[in-house]
Amino acid sequence: MALLVKNLSKSFWRRDVGDLQVLSGIDLEVEDGEFVCILGPTGCGKSTFLNIIAGLEQPDAGEVWIDDRKAQGLSRDRMLLFQEPSLFPWLTVLENVEFALKFKNISKQEIKQHSLEILKKVHLGRFINAFPHELSTGMKQRVAIARALVSNPKILLMDEPFGLVDGQTRILLHLELQEIWQETKKTILFVTGSVEEAVCLADKLYVFSKRPGRIIKKYQIDYPRPRRETDKNLIDLENNIMQLLSCEIEKVVKEEVDIEYTISKDGVLCPIDRNLGSNI
Amino acid sequence: MIAIWEVIFKLRLFNPKLFPSALAILSKLWEGFGTGLYPVALQSSLERVVIGYFLAIIFGIGLGVLMGLIKFIDDGVGTILLGIQSMGHAAWVPFAVLLFGENELAVIFIVQISAFITIALNTDSGIKFVQPALISQAKLYGLKGVRLFKEVILPAAIPSIITGMRLGWAFSWRGLVTAEILVSGLGVGHVLMQAKEHNDMSFVLATMLLIAAISSLVDNLLFKNIERRIRRRWGLV
Numbered sequence: 001m002a003l004l005v006k007n008l009s010k011s012f013w014r015r016d017v018g019d020l021q022v023l024s025g026i027d028l029e030v031e032d033g034e035f036v037c038i039l040g041p042t043g044c045g046k047s048t049f050l051n052i053i054a055g056l057e058q059p060d061a062g063e064v065w066i067d068d069r070k071a072q073g074l075s076r077d078r079m080l081l082f083q084e085p086s087l088f089p090w091l092t093v094l095e096n097v098e099f100a101l102k103f104k105n106i107s108k109q110e111i112k113q114h115s116l117e118i119l120k121k122v123h124l125g126r127f128i129n130a131f132p133h134e135l136s137t138g139m140k141q142r143v144a145i146a147r148a149l150v151s152n153p154k155i156l157l158m159d160e161p162f163g164l165v166d167g168q169t170r171i172l173l174h175l176e177l178q179e180i181w182q183e184t185k186k187t188i189l190f191v192t193g194s195v196e197e198a199v200c201l202a203d204k205l206y207v208f209s210k211r212p213g214r215i216i217k218k219y220q221i222d223y224p225r226p227r228r229e230t231d232k233n234l235i236d237l238e239n240n241i242m243q244l245l246s247c248e249i250e251k252v253v254k255e256e257v258d259i260e261y262t263i264s265k266d267g268v269l270c271p272i273d274r275n276l277g278s279n280i
Numbered sequence: 001m002i003a004i005w006e007v008i009f010k011l012r013l014f015n016p017k018l019f020p021s022a023l024a025i026l027s028k029l030w031e032g033f034g035t036g037l038y039p040v041a042l043q044s045s046l047e048r049v050v051i052g053y054f055l056a057i058i059f060g061i062g063l064g065v066l067m068g069l070i071k072f073i074d075d076g077v078g079t080i081l082l083g084i085q086s087m088g089h090a091a092w093v094p095f096a097v098l099l100f101g102e103n104e105l106a107v108i109f110i111v112q113i114s115a116f117i118t119i120a121l122n123t124d125s126g127i128k129f130v131q132p133a134l135i136s137q138a139k140l141y142g143l144k145g146v147r148l149f150k151e152v153i154l155p156a157a158i159p160s161i162i163t164g165m166r167l168g169w170a171f172s173w174r175g176l177v178t179a180e181i182l183v184s185g186l187g188v189g190h191v192l193m194q195a196k197e198h199n200d201m202s203f204v205l206a207t208m209l210l211i212a213a214i215s216s217l218v219d220n221l222l223f224k225n226i227e228r229r230i231r232r233r234w235g236l237v
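So the sequences go chain by chain: A and B. 146 is the number that this note's numbering gives to position 146 of the first sequence; each next residue is one higher, with no gaps. 196 is the number that this note's numbering gives to position 196 of the second sequence; each next residue is one higher, with no gaps.
Hints are computed from structural coordinates only; laboratory data are not their basis. Keep in mind that the hints are not guaranteed to be accurate.
Stated by the list, open to error - Partial list, computed: chain A residues near chain B (C-beta under 7 angstroms): (1) Leu80; (2) Phe82; (3) Trp90.
Virtual Cβ for every residue (Gly too), placed ideally from N, Cα, C.
Assemble the whole structure, with the sequences as input and the hints as a guide.
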């Protein structure tokens, strides 16, 4: 078992509301080499969940086990990718990737060789001397993926990594990520708010509720790969999940917008003075 | 500029004694260099401003780093610095003279104090506003303490520090002129006072022109370039 989470809970103290329960009683299993997605509405604590698994934050209760050993603090066998690529702007693409290995006992030459190899894998071989601000968001995120892979972690934790990327590029990155995953056999835990993305990528999909985040459903998705977001096979499943989520999203919106708010089922906008069939 | 000035002069709108011709100013400038008055004054002024400025960089960046990293220093010192900043450089003259006497040291002290606050405040904000994601990223690699500071926080703050240093350069000239006028010693501020004693407006204007030119020359040749290059590399342009 690559990752096992038992009964994990977390709350934050906030000035306006006091104790805010963010995660409650999460149980989750990830097998070796599995691609697992966590899907949930905004503010369901999915990022917090990843931060805890990465070791950047401590849970209030519950345990995280990695490879049948209890995880403590940060470790290089778990690498976290943020929504924003968070590259170091003063370093070139190559130097950014090398940074991940800089503080290990590896010779400079080896570091460079590893980094170049990985950069080729994410198709950035031509851009090794560019600075991050010269790249598009999609390319930056590729550098971030390369940087995460270069230290050869067991588990890749990805926090909505393609959230800021435009639609076309995202489709491409989905294919590439699946390719990289199949090639490197990494275990991936991928957090997203997009149903299409989750269904497209996951072997196993956990749906989180709104805050406090709980797991409300688990899906096993066995369609062949590589998948595209537009695969017809996936659409039924997407609709299914969408319905499950829409109740949760409604709750979030009600909380945020603070008035009566309902998402109408199959809503159609039309002028009220319209005769039946007058638009045909 | 010179042409407009000359036209206004020719129109005789103002008393020519108080509004001398541009050519008169330029010839005074020439004369000042010819007699060796300006070179000597500039040399001693530059010495003071450079020493004071370097001290300001050392103290300013040092204090700014401490403020950026340690919250209670920031809370305490930050307010005081803003207060001092609003006081102006001249307010330090009595303090400096009583402390050092009417000499070189007092002038250098005033130059230093004029420049160092801006440098400290800019360094402080540069360090405080490093993107949290960059720090989280570095922590994933196990960086902390001095290494985290050296490898991530300091480089991330560099653009802000450079801006502070550039402003500090301008402020140190302000401090210099104030100090030389009010304290004494041979220098451009002193020459300015001499010109006033002689009741010679073109001499006064020529000296002011010289001071502004030297300060902005260094700014343009040195700081502007460095700042532009760094901002470009950091992707801030």
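Evaluation of the interface hint that places tryptophan 90/A against chain B, nearest CB under 7 angstroms:
Interface hint status for tryptophan 90/A: holds (5 angstroms vs cutoff 7 angstroms).
The hint names phenylalanine 82/A as touching chain B; please verify it with the least Cβ-Cβ distance against 7 angstroms.
This interface hint holds because 5 angstroms falls under the 7 angstroms limit.
Double-check leucine 80/A for me: the hint is only fine if its C-beta lies closer than 7 angstroms to a C-beta in chain B.
holds, 6 angstroms
Every hint from the earlier list agrees with this structure, and none is contradicted.
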